[in-house]
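> Put together the whole structure using the sequences plus the hints.
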Amino acid sequence: MPAVEATTPVIRKTALNRVHRQMGAKMVEFNGWEMPVEYPSAGGIITEHNRVRTAVGIFDVSHMGDIRLSGPEALPAVQHISMNDASRLAVGQAQYSAMLYPQGTFVDDVIVHRLADNEYLLVINAGTREKDFNWVRDNTRQFNCNIENLSDDFSQIAIQGPEGVNLLQKLTNADLSIVKFYWLTRGTVCGLKNTLIARTGYTGEDGFEIYIPADEATSARVWHEILQAGREFGVVACGLGSRNTLRLEAKLPLYGHEISDTINVWEAGLDRFCNVEKPDFIGRTALEESRAEGVKRALVGLEMVERGIARDGYKVLDKAGNEIGYITSGSPAPFLKKNIALAYVPVKSAAIGTTLNVEIRRQGVKSKVVPTPFYRRARKT
Amino acid sequence: MPYPSDYKFTKQHEWIKANGKSASIGITHYAQESLGDIVFVDLPKVGSEIAAGTAFGSVESVKAVSDLYAPASGTVTEVNGELASTPEQINKDAHSAWMIKITLKDTGELNSLLSASDYEKFITEEGGQT
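For the record, the sequence lines run as chains A and B.
Take 322 as the starting number for the first sequence in this note's numbering and just add one per residue.
Take 12 as the starting number for the second sequence in this note's numbering and just add one per residue.
It should be emphasised that the hints constitute simulated quantities derived from the structure, not laboratory data.
Mixed in with the good hints, there may be bad ones.
[Stated by the list, open to error] If the Cβ cut is set under 8 Å, some of the chain B residues that face chain A in the computed set are:
(1) Val-52
(2) Lys-74
(3) Asp-104
[As the list claims (entries may be wrong)] Pairs of lysine-lysine, DSSO-like flavour, derived with a Cα cap of 30 Å:
(4) A:Lys-687 <-> B:Lys-56
(5) B:Lys-132 <-> A:Lys-347
(6) B:Lys-56 <-> A:Lys-659
(7) A:Lys-452 <-> A:Lys-572
(8) B:Lys-112 <-> B:Lys-28
(9) B:Lys-103 <-> A:Lys-347
(10) A:Lys-689 <-> B:Lys-132
C-beta atoms are modelled at their ideal positions from N, C-alpha and C, and glycine is treated no differently.
Next comes the structure, spelled out in structure tokens:
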């Protein structure tokens, strides 16, 4: 017997893991979590994707992390670590934002929810949970504010698609018609009092995310009740596969792809979520310098013109075949029925209509720069 | 899904069905199931040579790209052009959705491939690990 015990990385499971397996989901490892990638019995990724665009689909997103900041200086603490202006949030409102390193690159993107006067909830990515929590704790010590990691307290279920509101309304006493997009409320959901209900998501559709107790029995009960209540709307369970294609069509960034610790806010094109006018925040100085110097590369949307699918990491070539950039995310787009991608390229090659080649199996395949988002829903809320 | 007993199989999940010197090649039911919704196939041109064990094309699902490995060496005589516009045929019936037909260089190469029952045993073991 070896004296040293091998340390195998622990793969984490959400409270719904058993349910996914019972439903025949194909499970994969994602950022240290075992998650469903698709449910073949319901039709798989393409069906799941299109059902969210036209009806409703539900996702287990319990791997997402949750950090609560509360106390007299919760707002200054959030303002210090978040690039968007949290002072503009009313109680019950949420905003997309990001936490930055001093050099203006990304710790992570977040949704900041204002739960009460001095209480904020940051919803963060699965793969960056520990890093984010440490970052928030270490960079808010000067503020009179409690920082709590609530990541393991909640199961988070996303109900996404145009029928999502009708589905969820069957299960809650909260009046969802008055909750606007990127606002939140509380209500009884499936008998669970005071459940946090946010009209948010990561699909480019209208939808909700609910936060329920993380025990297995409650999580499974609520999941099944949602599926049952959604039958009349054609609900399907959806995995990370369609979550990725949905967010790509809507050009929502994914950490490690469109944003990372080596990409800054201007390059990522997230200017509208970054408020340099508000009180100082980590990363601002570097961002102002970067803007003064001029941004050198830009995130662009590509649509394949010739036959081929651009994939994450593939090279982008100019007409002469020189490597000028790379694909951050690429996939067939099931609803648009095109092959699309996001890529970082030099600003001079970023104009709409520019022809760029993507290197696929050692051959340059023609694509063109197109306006983004590739898909934009008709907004009602 | 039964694996036809007159087919031979590779550990990379291709099938080959030989009839004298000519043979059809495709991917297995197990392969299409692992890939999920197939959206793209990249196949060689008629007249090109393929060599046993080397890549002759690729198949892509929404999520994944997978190389196609030649079960045997030969010259491509026909390409299933329908798969370019309807690659989902592979998901529907992988064992009839042939990709290419070839003239075999050496029919003896087929002897080293898996029989249907060996292949079923192989995927049961492989499936158990993942």
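> It remains to establish, for every hint, whether it holds in the given structure.
Checked hints:
1. Because the beta carbon of B:Val-52 sits about 10 Å from the nearest beta carbon in chain A, more than 8 Å, this interface hint is broken.
2. Taking 8 Å as the C-beta contact cut-off toward chain A, the hint placing B:Lys-74 at the interface holds, the least distance being around 5 Å.
3. Below 8 Å, beta-carbon pairs count as interface contacts, and B:Asp-104 has none with chain A, the closest being about 16 Å; its hint is therefore violated.
4. For the given pair, A:Lys-687 sits about 20 Å from B:Lys-56 by alpha-carbon distance, which is consistent with the 30 Å threshold.
5. With a C-alpha separation of about 21 Å, the suggested pair B:Lys-132 and A:Lys-347 falls inside the 30 Å cut-off, and the hint holds.
6. With a C-alpha separation of about 24 Å, the suggested pairing of B:Lys-56 with A:Lys-659 holds against the 30 Å cut-off.
7. Simply put, A:Lys-452 and A:Lys-572 have alpha-carbon atoms about 25 Å apart, close enough for the 30 Å limit, and the pair holds.
8. Annotation: proposed proximity of B:Lys-112 to B:Lys-28 holds, straight-line Cα distance about 9 Å (limit 30 Å).
9. The straight-line distance between the Cα atoms of B:Lys-103 and A:Lys-347 is roughly 18 Å, inside the 30 Å bound, and the hint therefore holds.
10. For the hint linking A:Lys-689 to B:Lys-132, the alpha-carbon distance of about 47 Å lies beyond 30 Å, and the restraint is violated.
In this structure, the hints that do not hold are numbers 1, 3 and 10, in rising order.
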